[in-house]
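Novice: Residue strings, one per chain:
Number of protein chains: 6
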Amino acid sequence: MFESLSIGKVAMLLSMSSDSDEELIRNKAEAQGYKVFKGFVGAMDSSKIFASIETAAKREKFIKNIYREEHSLYHAVLEAYEGVCRGQIGLGNVLRTAGLVFTIVKGSRLPGDVKDGSWIAVVLYGNMGAPVKGYEHEVIGLGIYPV
Amino acid sequence: MFESLSIGKVAMLLSMSSDSDEELIRNKAEAQGYKVFKGFVGAMDSSKIFASIETAAKREKFIKNIYREEHSLYHAVLEAYEGVCRGQIGLGNVLRTAGLVFTIVKGSRLPGDVKDGSWIAVVLYGNMGAPVKGYEHEVIGLGIYPV
Amino acid sequence: MFESLSIGKVAMLLSMSSDSDEELIRNKAEAQGYKVFKGFVGAMDSSKIFASIETAAKREKFIKNIYREEHSLYHAVLEAYEGVCRGQIGLGNVLRTAGLVFTIVKGSRLPGDVKDGSWIAVVLYGNMGAPVKGYEHEVIGLGIYPV
Amino acid sequence: MFESLSIGKVAMLLSMSSDSDEELIRNKAEAQGYKVFKGFVGAMDSSKIFASIETAAKREKFIKNIYREEHSLYHAVLEAYEGVCRGQIGLGNVLRTAGLVFTIVKGSRLPGDVKDGSWIAVVLYGNMGAPVKGYEHEVIGLGIYPV
Amino acid sequence: MFESLSIGKVAMLLSMSSDSDEELIRNKAEAQGYKVFKGFVGAMDSSKIFASIETAAKREKFIKNIYREEHSLYHAVLEAYEGVCRGQIGLGNVLRTAGLVFTIVKGSRLPGDVKDGSWIAVVLYGNMGAPVKGYEHEVIGLGIYPV
Amino acid sequence: MFESLSIGKVAMLLSMSSDSDEELIRNKAEAQGYKVFKGFVGAMDSSKIFASIETAAKREKFIKNIYREEHSLYHAVLEAYEGVCRGQIGLGNVLRTAGLVFTIVKGSRLPGDVKDGSWIAVVLYGNMGAPVKGYEHEVIGLGIYPV
Numbered sequence: 006m007f008e009s010l011s012i013g014k015v016a017m018l019l020s021m022s023s024d025s026d027e028e029l030i031r032n033k034a035e036a037q038g039y040k041v042f043k044g045f046v047g048a049m050d051s052s053k054i055f056a057s058i059e060t061a062a063k064r065e066k067f068i069k070n071i072y073r074e075e076h077s078l079y080h081a082v083l084e085a086y087e088g089v090c091r092g093q094i095g096l097g098n099v100l101r102t103a104g105l106v107f108t109i110v111k112g113s114r115l116p117g118d119v120k121d122g123s124w125i126a127v128v129l130y131g132n133m134g135a136p137v138k139g140y141e142h143e144v145i146g147l148g149i150y151p152v
Numbered sequence: 006m007f008e009s010l011s012i013g014k015v016a017m018l019l020s021m022s023s024d025s026d027e028e029l030i031r032n033k034a035e036a037q038g039y040k041v042f043k044g045f046v047g048a049m050d051s052s053k054i055f056a057s058i059e060t061a062a063k064r065e066k067f068i069k070n071i072y073r074e075e076h077s078l079y080h081a082v083l084e085a086y087e088g089v090c091r092g093q094i095g096l097g098n099v100l101r102t103a104g105l106v107f108t109i110v111k112g113s114r115l116p117g118d119v120k121d122g123s124w125i126a127v128v129l130y131g132n133m134g135a136p137v138k139g140y141e142h143e144v145i146g147l148g149i150y151p152v
Numbered sequence: 006m007f008e009s010l011s012i013g014k015v016a017m018l019l020s021m022s023s024d025s026d027e028e029l030i031r032n033k034a035e036a037q038g039y040k041v042f043k044g045f046v047g048a049m050d051s052s053k054i055f056a057s058i059e060t061a062a063k064r065e066k067f068i069k070n071i072y073r074e075e076h077s078l079y080h081a082v083l084e085a086y087e088g089v090c091r092g093q094i095g096l097g098n099v100l101r102t103a104g105l106v107f108t109i110v111k112g113s114r115l116p117g118d119v120k121d122g123s124w125i126a127v128v129l130y131g132n133m134g135a136p137v138k139g140y141e142h143e144v145i146g147l148g149i150y151p152v
Numbered sequence: 006m007f008e009s010l011s012i013g014k015v016a017m018l019l020s021m022s023s024d025s026d027e028e029l030i031r032n033k034a035e036a037q038g039y040k041v042f043k044g045f046v047g048a049m050d051s052s053k054i055f056a057s058i059e060t061a062a063k064r065e066k067f068i069k070n071i072y073r074e075e076h077s078l079y080h081a082v083l084e085a086y087e088g089v090c091r092g093q094i095g096l097g098n099v100l101r102t103a104g105l106v107f108t109i110v111k112g113s114r115l116p117g118d119v120k121d122g123s124w125i126a127v128v129l130y131g132n133m134g135a136p137v138k139g140y141e142h143e144v145i146g147l148g149i150y151p152v
Numbered sequence: 006m007f008e009s010l011s012i013g014k015v016a017m018l019l020s021m022s023s024d025s026d027e028e029l030i031r032n033k034a035e036a037q038g039y040k041v042f043k044g045f046v047g048a049m050d051s052s053k054i055f056a057s058i059e060t061a062a063k064r065e066k067f068i069k070n071i072y073r074e075e076h077s078l079y080h081a082v083l084e085a086y087e088g089v090c091r092g093q094i095g096l097g098n099v100l101r102t103a104g105l106v107f108t109i110v111k112g113s114r115l116p117g118d119v120k121d122g123s124w125i126a127v128v129l130y131g132n133m134g135a136p137v138k139g140y141e142h143e144v145i146g147l148g149i150y151p152v
Numbered sequence: 006m007f008e009s010l011s012i013g014k015v016a017m018l019l020s021m022s023s024d025s026d027e028e029l030i031r032n033k034a035e036a037q038g039y040k041v042f043k044g045f046v047g048a049m050d051s052s053k054i055f056a057s058i059e060t061a062a063k064r065e066k067f068i069k070n071i072y073r074e075e076h077s078l079y080h081a082v083l084e085a086y087e088g089v090c091r092g093q094i095g096l097g098n099v100l101r102t103a104g105l106v107f108t109i110v111k112g113s114r115l116p117g118d119v120k121d122g123s124w125i126a127v128v129l130y131g132n133m134g135a136p137v138k139g140y141e142h143e144v145i146g147l148g149i150y151p152v
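Chains as they are written, first to last, in my numbering: chain S, 6 to 152; chain W, 6 to 152; chain U, 6 to 152; chain F, 6 to 152; chain B, 6 to 152; chain A, 6 to 152.
There's no promise every hint is true.
Pairs involving identical chains hold if they fit within one copy or between any two copies, as the list cannot separate such chains.
Calculated lysine to any residue pairs in the SDA-like style (CA-CA distance at most 25 Å, straight line) [unchecked claim]: (1) LYS33 - ILE71; (2) LYS43 - GLU8; (3) LYS53 - SER9; (4) LYS33 - GLN93; (5) LYS138 - GLU65; (6) LYS33 - ASN70; (7) LYS138 - ALA36.
Source of the hints: derived by calculation from the structure; they are not laboratory data.
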């Protein structure tokens with residue numbers, strides 16, 4: 006299943022996978038040259054989402070310690086965040102909260118595309134809703150930048 | 006794989022599936038009570054995306070012929086569209102084009118959740134980029150409304 | 006005056022009415038099957054607007070205790086809020102404050118339209134401006150969703 | 006009814022009034038020094054809304070033939086337009102259409118407030134929805150600028 | 006150099022000038038009738054930008070103590086702020102910070118254009134980026150309103 | 006004058022320069038390693054702005070013929086475009102037009118900063134306003150991406 010991969014597909018499948026599926030997707034992705042990471046962040050304060058992903062990306066060495074790489078990561082996170090907000094920006098300020106898996110994937114846009122170099126994909130996937138248990142539905146956001 | 010489903014996950018997996026995977030996901034989803042549809046739309050004119058999905062949803066009887074159901078579908082499409090645009094609205098007006106698979110899924114938010122009734126999920130997944138062959142990367146958008 | 010009503014018109018007239026007019030509009034609206042509520046919220050912190058309306062709507066039983074109804078109310082509030090912001094989102098973060106009457110109205114879009122079921126309208130009407138006495142002008146926002 | 010007026014209230018009441026109420030509101034408003042105009046514009050092409058209001062405002066002499074006054078009018082129209090769009094800009098491009106009454110009101114923010122000079126209010130009120138008869142609900146937008 | 010000035014050009018050149026250039030630009034601008042001010046604000050909290058400029062504008066008497074002038078200034082600041090945000094609003098909430106020179110310029114749009122009266126221009130120019138030293142690039146925003 | 010340069014400053018000064026100043030700025034910038042281009046585009050149709058800059062950038066060899074470089078240029082143009090729109094996107098659709106100088110600058114963020122590699126800056130500077138002669142004021146937008 007999902008034999009044909011791409012950078013965004015890897016990030017999205019990984020974000021939606023259960024613990025048992027995760028291993029499989031991670032292996033397929035790594036076999037095709039992708040570097041992957043999966044974490045979790047819950048927040049009404051959107052800056053926490055940015056901080057969690059930046060911290061993980063640096064610690065896991067997805068980006069080197071120069072601004073041009075941090076800039077690409079940042080814009081990937083920003084676009085993923087805009088994706089989960091769906092045109093109406095904000096979390097706590099519009100009284101909603103989110104519990105989100107985030108994935109970071111680095112590699113070529115398509116397996117084997119060496120000519121166009123390395124890209125970074127960030128996915129946010131989870132639930133957003135009212136600060137009331139169970140009052141939430143799924144959201145996803147994906148941002149992709151060359152790095 | 007992907008044993009645990011939900012309305013958004015069904016719509017996203019279906020949108021990313023190859024022809025051979027599609028059958029499997031469709032069967033799993035239908036076994037859990039979801040009604041699903043998958044189509045394609047390519048456009049620099051964003052209204053074509055809305056028209057294609059609305060036409061398919063009516064023809065495939067995802068919504069009844071009353072405004073309140075069309076209204077829910079419309080907002081699901083609008084949010085999926087905002088998701089693929091990532092905060093900066095537009096296609097042809099900002100000189101970009103998109104080739105998108107769309108999926109429509111109807112059912113409960115989580116399998117077996119009868120108490121909270123029926124919802125509709127719309128996913129747009131594909132590639133967006135410059136009007137130059139191969140100059141594009143993946144995008145996704147997801148909108149979910151009660152219907 | 007204002008013999009011909011509709012759900013949005015009820016919500017807007019009520020929001021603009023003085024104490025003496027309020028009774029009259031409320032009576033006309035209730036006679037045509039609308040359930041109405043009028044409250045007030047002042048804020049530089051936009052989440053307070055959402056919280057005040059959600060609290061009132063639950064206490065006054067405009068929505069049942071299920072997510073699909075809270076979701077409709079939430080999106081009606083969000084659109085009313087976007088209306089008062091006029092495309093440039095925020096209150097305290099862009100150093101402005103608002104004193105707002107809010108109204109919640111539930112019923113058919115047009116009196117007697119039973120076929121298309123029940124909708125909820127939320128209006129925010131009042132003044133927005135600098136945190137300086139009298140430095141403000143009127144704003145309005147209206148959101149309508151099926152519920 | 007509506008004894009206590011203000012520039013925005015005049016523009017909104019006038020926009021919602023039937024033919025018989027219109028006379029009454031117009032008279033009250035003019036007695037308190039407001040200059041008023043009411044027109045109609047239907048459109049999937051948003052520029053038509055701007056053009057109709059600008060044309061009427063110039064013809065009816067709400068603004069003098071200098072840019073600073075046209076600029077104020079333009080921003081009032083832009084904010085009213087953002088209000089009816091509720092944060093998600095566009096008409097035909099997101100496959101929706103609008104039939105809108107527009108009102109233009111010129112005068113002081115509050116009757117008798119001579120110190121703060123003359124302001125212009127623009128209201129758009131009507132229905133927006135799918136290009137299908139009856140598939141629409143009410144929207145309102147209000148923009149106010151000194152002129 | 007820069008013999009031909011205009012209100013926006015004055016505000017931008019002044020914002021980019023070093024201490025030694027500043028004198029020259031200020032003199033040229035004042036000789037053509039412009040009133041100018043240059044300040045600095047650093048912030049992750051966007052309201053601080055608005056507060057700093059409003060305080061300076063009042064203290065330096067760019068605006069009289071009436072709302073219509075404060076309103077024009079406010080909208081000029083808001084547009085300058087939107088300019089530096091480039092369509093994706095926020096500072097601390099999206100984990101970025103800014104160190105900004107601000108300039109306020111009052112005068113005619115073009116030197117000698119007495120017919121169209123007085124306008125106010127606000128420029129924000131500086132660097133925006135991650136809260137990490139040196140991880141930032143230049144941004145600019147310009148807002149212009151009649152006052 | 007303007008002895009201390011940076012990539013954004015070069016792009017902005019060049020965009021504001023008269024024919025006689027242009028030579029001077031171009032020389033200073035080139036002496037510090039910047040590659041520069043200046044063009045003009047007038048439009049009510051925003052896609053024309055994107056097309057003009059992309060065409061010039063390719064012809065003048067600011068970017069190589071691979072997507073990752075075109076992607077960086079595109080986002081720089083998009084941010085410059087958002088800057089001139091100041092949060093309210095659109096030209097002809099909101100009945101306004103723009104006459105814009107555009108500049109493209111490639112080089113390091115600061116002269117001599119070899120460690121952080123090459124960046125591209127795009128500036129749009131000119132006038133935006135009503136489609137009436139002289140009814141316009143200055144606007145600026147700046148976008149910067151690593152390339």
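Novice: Output the indices of the hints that this structure fails to meet, ascending.
Specialist: 1, 3, 4, 6 and 7
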